[in-house]
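Trainee: Residue-level listing of the chains:
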Amino acid sequence: DTEVTQTPKHLVMGMTNKKSLKCEQHMGHRAMYWYKQKAKKPPELMFVYSYEKLSINESVPSRFSPECPNSSLLNLHLHALQPEDSALYLCASSQDGGEAFFGQGTRLTVV
Amino acid sequence: QKEVEQNSGPLSVPEGAIASLNCTYSDRGSQSFFWYRQYSGKSPELIMFIYSNGDKEDGRFTAQLNKASQYVSLLIRDSQPSDSATYLCAVNGLTGGGNKLTFGTGTQLKVEL
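Going down the list, the protein sequences come from chains A and B. Those letters in the first sequence? Residues 1 to 111, per this note's numbering, in order. Those letters in the second sequence? Residues 1 to 113, per this note's numbering, in order.
Just so you know, the hints here were simulated from the structure itself, not pulled from any lab data. Values in this document were obtained by computation on a predicted structure and should not be read as measured data. Don't be surprised by glycine CBs; every beta carbon is placed ideally from N, CA and C. Hints should not be assumed to be uniformly reliable.
Looking from chain A toward chain B, a few residues come up when the C-beta cut is under 10 angstroms (computed) [to be verified]:
no., residue
1, Ser20
2, Lys22
3, Arg30
4, Lys38
5, Pro43
6, Ser55
7, Pro61
8, Phe64
9, Cys68
10, Gly97
Pairs of lysine-lysine residues, derived as DSSO-like cross-links and limited to a Cα-Cα distance of at most 27 angstroms, are as follows [to be verified]:
no., chain 1, residue 1, chain 2, residue 2
11, B, Lys42, A, Lys38
12, B, Lys56, A, Lys38
13, A, Lys19, A, Lys53
14, B, Lys67, A, Lys38
15, A, Lys9, B, Lys42
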């Protein structure tokens with residue numbers, strides 16, 4: 001089973017809202033990732049958690065707040081987003097340095 | 001210099017031909033290399049990975065790695081219209097304990113009937 005599950009699939013939120021994106025994997029992977037992808041661009045790394053600790057933050061604005069409650073779950077908390085934050089948000093997981101598998105993504109629209 | 005570079009294309013090949021996709025990377029300490037296929041509006045799908053110099057074959061796909069030249073490629077034999085997609089090269093560097101997976105800009109492949 002190489003499944004990474006993301007919820008919700010679509011999200012529309014206002015600039016004053018607070019929302020959360022969720023990601024779950026049951027492959028025993030110890031690295032989990034958040035990527036942001038704009039149309040016709042490659043995925044852009046945001047955060048990496050390794051063994052439930054934040055190991056990489058690619059200078060992401062504080063309106064994005066990641067959380068890793070346990071080894072299977074990864075959340076991305078959103079607050080006071082801007083319209084330019086509208087994108088496809090992708091979660092992925094891998095073993096250390098190994099193959100990363102992606103979820104289906106959450107298509108976020110900020111209005 | 002970008003960390004991972006690909007020709008954005010589009011690369012057009014006739015059905016049944018071999019499609020050759022190329023990628024170069026800048027971090028000489030990179031350990032693992034991946035090819036993802038992404039259809040429009042969908043998430044990336046892993047199709048090949050390679051860790052050692054040389055060739056690795058899986059069905060119609062062959063990945064080639066040359067660490068001395070910092071070059072990785074993907075060959076798709078007997079190309080089919082369903083192979084039309086964007087192909088993303090991804091490289092895992094040493095940063096973050098070997099978990100910094102960086103993508104190239106992707107090459108759009110079009111397989112024509």
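Trainee: Against each hint, give a clear statement of whether it holds in the structure.
Mentor: Quick rundown of the hints versus the structure:
1. Ser20: violated, 19 angstroms
2. Lys22: violated, 15 angstroms
3. Arg30: Since chain B brings a Cβ to about 9 angstroms from arginine 30 of chain A, closer than 10 angstroms, the hint holds.
4. Lys38: violated, 12 angstroms
5. Pro43: holds, 5 angstroms
6. Ser55: holds, 4 angstroms
7. Pro61: Result: violated, 19 angstroms to nearest chain B Cβ.
8. Phe64: Violated, because the Cβ-Cβ distance from phenylalanine 64 of chain A to chain B comes to roughly 18 angstroms (cut-off 10 angstroms).
9. Cys68: With Cβ-Cβ at 13 angstroms, over 10 angstroms, it is violated.
10. Gly97: At about 4 angstroms, which falls below the 10 angstroms cut-off, the nearest Cβ of chain B leaves the hint on glycine 97 of chain A intact, so it holds.
11. B:Lys42 to A:Lys38: holds, 12 angstroms
12. B:Lys56 to A:Lys38: violated, 31 angstroms
13. A:Lys19 to A:Lys53: holds, 22 angstroms
14. B:Lys67 to A:Lys38: This hinted pair is violated, its Cα atoms lying about 30 angstroms apart.
15. A:Lys9 to B:Lys42: holds, 11 angstroms
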